[in-house]
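Residue numbers (this note's numbering), protein chains in the order written: chain A, 0 to 861; chain B, 1186 to 1296.
No lab work stands behind these hints, which were simulated from the structure alone. Treat the hints with caution; some may be incorrect.
For the chain B half of the interface with chain A, some residues (derived, Cβ under 8 angstroms), not all of them [stated by the list, open to error]: (1) 1288; (2) 1294; (3) 1295.
DEER-style ranges, computed between Cβ atoms [said to hold, decoys possible]: (4) A:759 - B:1198: 55 to 65 angstroms; (5) B:1198 - A:736: 46 to 56 angstroms; (6) B:1236 - A:817: 47 to 57 angstroms; (7) B:1236 - A:768: 20 to 30 angstroms; (8) A:816 - B:1198: 37 to 47 angstroms; (9) A:764 - B:1189: 56 to 66 angstroms; (10) B:1198 - A:825: 49 to 59 angstroms; (11) B:1210 - A:764: 49 to 59 angstroms; (12) A:816 - B:1210: 27 to 37 angstroms; (13) B:1189 - A:768: 49 to 59 angstroms.
Which residues of chain B face chain A? A few of them, derived with a C-beta cut under 10 angstroms, are [unchecked claim]: (14) 1186; (15) 1190; (16) 1204; (17) 1291; (18) 1292; (19) 1296.
Since we're looking at a predicted model, the values are computed, not measured. Note that beta-carbon positions come from the ideal geometry of N, C-alpha and C, so glycine has one too.
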Amino acid sequence: MLSLFPPNDYALIAVILGMPLLGAIVNGIWGKRLGNAAVRFMALAAVGVSFAASVVAFVALAAHVRQAEDASMDAHVKLSWTAWEWMHTAGGQGTGTVPIEIKFSIDQLSGVMMLVVTGVGFLIHLYATSYMEKDKGFARFFAYLNLFIFAMLVLILGDNLPLLFVGWEGVGLCSYLLIGFWYENMANAAAGKKAFIANRVGDFGLLCAMFLLVNYTGALDWSGMANGAHNLLHPNMTGPLSRVQLWPLGSGNVYPPGPLHFLNPKTPLTISAATAVSLALLLACTGKSAQIPLYVWLPDAMAGPTPVSALIHAATMVTAGVYLVCRMSFVFVLSPFAMMLVAIVGAATALLAATIAVVQNDIKKVLAYSTVSQLGFMFLGVGVGAFTAGFFHVFTHAFFKACLFLGAGSVIHAMHARVHADDEAQDIRNMGGLRKWLRLTHWTFAAATAAIIGLPLTSGFFSKDEILYRAFVDNPVNPEDGKGFLRKFGTFHIPPVVGPILYGVAVAAAVLTAFYMCRLYFLTFWGEFRGWTVGRPSLLAKQELAGTKHERDHALDAPHDTELEDADETHEHHEEDLSQPGYPPHESPWQMTVPLIVLAAFAVLAGWLNPGFHLPWQAMDHWLHPVFAPVSSAIQVRHANDHEWAERMEWPLALGGIGAFAVGTAVAWWMYIAKRGEPAKAIAQAQPALYQLVLDKWRVDELYDATAIAAVDSLAETSAAFDKSIVDGIIARLTSLVVAASGTILRAFQNGVVHVYAATMVVGLAATGWFFAVPHANATVVDAGNDDYVVTAAPGVGYAYRWDANSDGKPEKADFGADSTLKLHLEPGKSQTVRLEVKNAFGFVGKKSIFVAHPPAQTSSL
Amino acid sequence: MIPVEHYVTLSSLLFIIGGVGFLVRRNVLVTLMSIEVMLNAVNLALVAFNRARPWHAIGQTYAGGSHTGQVFAFFIIAAEAAEVAVGLAIVLALYRLRRTVRSDEADLLKN
Chain A
0 MLSLFPPNDY
10 ALIAVILGMP
20 LLGAIVNGIW
30 GKRLGNAAVR
40 FMALAAVGVS
50 FAASVVAFVA
60 LAAHVRQAED
70 ASMDAHVKLS
80 WTAWEWMHTA
90 GGQGTGTVPI
100 EIKFSIDQLS
110 GVMMLVVTGV
120 GFLIHLYATS
130 YMEKDKGFAR
140 FFAYLNLFIF
150 AMLVLILGDN
160 LPLLFVGWEG
170 VGLCSYLLIG
180 FWYENMANAA
190 AGKKAFIANR
200 VGDFGLLCAM
210 FLLVNYTGAL
220 DWSGMANGAH
230 NLLHPNMTGP
240 LSRVQLWPLG
250 SGNVYPPGPL
260 HFLNPKTPLT
270 ISAATAVSLA
280 LLLACTGKSA
290 QIPLYVWLPD
300 AMAGPTPVSA
310 LIHAATMVTA
320 GVYLVCRMSF
330 VFVLSPFAMM
340 LVAIVGAATA
350 LLAATIAVVQ
360 NDIKKVLAYS
370 TVSQLGFMFL
380 GVGVGAFTAG
390 FFHVFTHAFF
400 KACLFLGAGS
410 VIHAMHARVH
420 ADDEAQDIRN
430 MGGLRKWLRL
440 THWTFAAATA
450 AIIGLPLTSG
460 FFSKDEILYR
470 AFVDNPVNPE
480 DGKGFLRKFG
490 TFHIPPVVGP
500 ILYGVAVAAA
510 VLTAFYMCRL
520 YFLTFWGEFR
530 GWTVGRPSLL
540 AKQELAGTKH
550 ERDHALDAPH
560 DTELEDADET
570 HEHHEEDLSQ
580 PGYPPHESPW
590 QMTVPLIVLA
600 AFAVLAGWLN
610 PGFHLPWQAM
620 DHWLHPVFAP
630 VSSAIQVRHA
640 NDHEWAERME
650 WPLALGGIGA
660 FAVGTAVAWW
670 MYIAKRGEPA
680 KAIAQAQPAL
690 YQLVLDKWRV
700 DELYDATAIA
710 AVDSLAETSA
720 AFDKSIVDGI
730 IARLTSLVVA
740 ASGTILRAFQ
750 NGVVHVYAAT
760 MVVGLAATGW
770 FFAVPHANAT
780 VVDAGNDDYV
790 VTAAPGVGYA
800 YRWDANSDGK
810 PEKADFGADS
820 TLKLHLEPGK
830 SQTVRLEVKN
840 AFGFVGKKSI
850 FVAHPPAQTS
860 SL
Chain B
1186 MIPVEHYVTL
1196 SSLLFIIGGV
1206 GFLVRRNVLV
1216 TLMSIEVMLN
1226 AVNLALVAFN
1236 RARPWHAIGQ
1246 TYAGGSHTGQ
1256 VFAFFIIAAE
1266 AAEVAVGLAI
1276 VLALYRLRRT
1286 VRSDEADLLK
1296 N
């Protein structure tokens, strides 16, 4: 196996990538004709084969890693496959040609990511075959979903930044298509558009980063950029371009002396190219991974079908930003300032999104904000230099969040048995007590909830705890500090107060996480079912009349008939007696519960791959170590890199995570189980303004509407007004006026009399004949340098030439000849008139005088 | 042998008669006949020149002479026949439409 696919030509990657693409093409083009069974088979086979090939590739990679370790070589092994050279470009600073190849590679980092994408992707495909069964866009859905897997694999496996960008855009496109999958609803289409546009803002950053990187490092593939990364700090050229100037824009004094002159600083504001690249990449990641300030699209993205939310907007695509930071870690560590900013963005996002999630009532919205918050944790992790911890959280989060979303999908599926409006079926206020009917869903949801809230020994506990710990102790420093250029410019040192603040914010976010997830879990699965009255106004009225408590018990008793539970297979459009409670919620089919069970098992157990706490087995840490070994020197711990202090701090700091779990869970238990939600209502009533503000997501959308979007809108309106008044009103009208006027004039000539046309034709023929019968003397003068001028006569059929260079009336040669050029020598300041005579085949002669002047030499330049 | 100049003179006269007829006569049938006269003037010039200088084919000189001009005249006659067929069809169509064969009354497309 190892010899069949050598590491530098690992063609199995073509299968991994090709199968989902094939599935997308087949389902996209012929899906409607093939029927749902074939579409299902194609989609599952595509991702399944891709997953199987990924496993094979991963095993091969592990074997190569083992070989390299045994030989004590660099264990950062890459299985790569070059399809073709896409294009090449010129690198900056004399670095020559930069080839950009269609090249894919699997190393330790992309290998894990690839397994997660294809593995979780397969489970979610399986789930979706049942969830989307009745949808009329079944084939279209799976075409998009397969295309997404393909694009995501391109993103992960691409060996250079442009290729990653192709995948980056591809997943963005699929995300857009799938958010707006039910495009008949305007809100869904708008949500898709919002996601697309927010991502475009981020893509601008990625493009800028690529331009800077190819200019400074002279490469765009991972290893080439890593090798050239030091040029970002010590450019091998001098002058103002060695650093990126932020202000004034461009270079030099932009604002001349005058009222605006104060905008010119005494010294231009510059940043190192490493910081510029890192900030541009951070912008890209905030877009794709839904961080402040571009996170607003992700909650709206829940308009898509639930499997999409699980796959794209929780498990895979949104973690692409974290992957990119890990991938470009060699650039980020060169800029401690950018690292700090990444960590701050992450921590702030984690807290902000967690506060919003606390009050949301839509089950998917809560999970969406939870995703934003967990992505914030990941960014906090990679921002403090704990790349492995951050990536490990990507890994565990993929399982428990996918499980939560699929569980939510199962719940929504169950609720649709009773409630047909989407909004009401997703509202946790209409749920409650669902564990009676959805046993499997309940247990898997509980397992995933335990993981996300950090129940000790589950996966989320280990990954989150490592991030919290590293946020406190880590201190990224610039590995090039004091060398080369940095001796002159100095470098940024992260203030020691940042670590504890990040830790505090993250613990607060963890408390809120535990609270809102338990709130969601308790409200959905515990207590009594509150959905009996939804859509049944008569029942509600009866219930209100008879007093709440008694009637609710009655309503609960009624559906305990087992016949009803089983007879609900076709619950779409049964005519119901709206005064009766109707069908109870029901468990989902096996295609939906099997993925839940698998994901729940991983959610609970995956943490043992990297438990932290300095335990002897750290599989993930060991596995990823070669990837992050080059940057490890940049990640020190605080207290003057005192590793013993850091080790001593591990257990005390873990108390923060455990405490967050305990406090959040206990408060949620007290509020929603012990007191049946009364305290929550009381708080909301006591602080109506604050509650409304948080319920409206801190009105960030409204802020963006009022600022950035309003600015673009007004620009659009101005353009539209300009278009209407100037372009349409004046330019277009003027054009049409000219055309109409000339038409009126020309129409007079079209009198319809054949003889006039014939006469015109005869006149035209005569004129053409005359033109060809008379020779045309014409010439061009060319400065040949050295004070020489060449006069060239225009050619024509049968022409012969005679020159008179000094215009004395006596031509140089008496006979006409074929020589159509005349050379002249003219000193500066002199001029001469040349006479040219041209004779054509009829013997007619044409004459022309040509004036040739040599301007005087310029002695001084102004 | 009649010198070629006579033929050419006759040909020019015929061509001018045909051209003037084409320009001044309003009857479409006469206009067609004028075109025939012009074409035959050209035919006459072609065969006359070929008869007078048979060894000057286009671009080449043949020892035994060539008949390019004569043959070309036949081609022109063939083209004439086609032209007349189309032309008469147009005349018929015009007559059905406007009940006239005067070309200055066939001005539906004017302006």
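So, going through the hints one by one against the coordinates:
1. The closest approach between the C-beta of residue 1288 of chain B and any C-beta of chain A is roughly 5 angstroms, which is under the 8 angstroms cut-off, so the hint is satisfied.
2. Hint status for residue 1294 of chain B relative to chain A: holds, with the closest Cβ pair at about 6 angstroms, below 8 angstroms.
3. Taking 8 angstroms as the C-beta cut-off, the interface hint given for residue 1295 of chain B holds, the closest approach to chain A being about 3 angstroms.
4. Hint check: residue 759 of chain A to residue 1198 of chain B, Cβ distance near 24 angstroms, so the stated range 55 to 65 angstroms is violated.
5. The beta-carbon spacing between residue 1198 of chain B and residue 736 of chain A, approximately 52 angstroms, falls within the hinted interval of 46 to 56 angstroms.
6. Against the hinted window of 47 to 57 angstroms, the Cβ-Cβ separation of residue 1236 of chain B and residue 817 of chain A comes to about 36 angstroms, which falls outside the hint.
7. Distance hint for residue 1236 of chain B and residue 768 of chain A: a CB-CB separation of about 27 angstroms, consistent with the stated range 20 to 30 angstroms.
8. In this structure the supplied range 37 to 47 angstroms holds for residue 816 of chain A paired with residue 1198 of chain B, their Cβ-Cβ distance being about 41 angstroms.
9. Taken as a hint, the range 56 to 66 angstroms is violated for the pair residue 764 of chain A and residue 1189 of chain B, whose Cβ atoms sit roughly 25 angstroms apart.
10. At roughly 58 angstroms, the beta-carbon separation of residue 1198 of chain B and residue 825 of chain A lies within the given 49 to 59 angstroms, and the hint holds.
11. Separated by about 20 angstroms at the C-beta atoms, residue 1210 of chain B and residue 764 of chain A break the suggested range of 49 to 59 angstroms.
12. The given range of 27 to 37 angstroms is broken by residue 816 of chain A and residue 1210 of chain B, whose C-beta atoms sit roughly 51 angstroms from each other.
13. At roughly 23 angstroms, the beta-carbon separation of residue 1189 of chain B and residue 768 of chain A lies outside the given 49 to 59 angstroms, and the hint is violated.
14. For the restraint placing residue 1186 of chain B at the interface with chain A, the shortest Cβ-Cβ distance is roughly 29 angstroms, beyond the 10 angstroms limit, so the hint is violated.
15. At about 20 angstroms, the closest approach between the beta carbon of residue 1190 of chain B and any beta carbon in chain A exceeds 10 angstroms, and the interface hint on this residue is violated.
16. Interface restraint check: residue 1204 of chain B against chain A, minimum CB-CB distance 7 angstroms, threshold 10 angstroms, status holds.
17. With 10 angstroms as the threshold, the beta carbon of residue 1291 of chain B comes within range of chain A, its nearest partner Cβ sitting at about 7 angstroms, so the hint holds.
18. At its closest, the beta carbon of residue 1292 of chain B sits 3 angstroms from a beta carbon of chain A; the interface hint therefore holds under the 10 angstroms criterion.
19. Interface hint status for residue 1296 of chain B: upheld, as the beta-carbon distance to the closest one in chain A is roughly 5 angstroms, under 10 angstroms.
The structure is inconsistent with the numbered hints 4, 6, 9, 11, 12, 13, 14, 15, although it conforms to all the rest.
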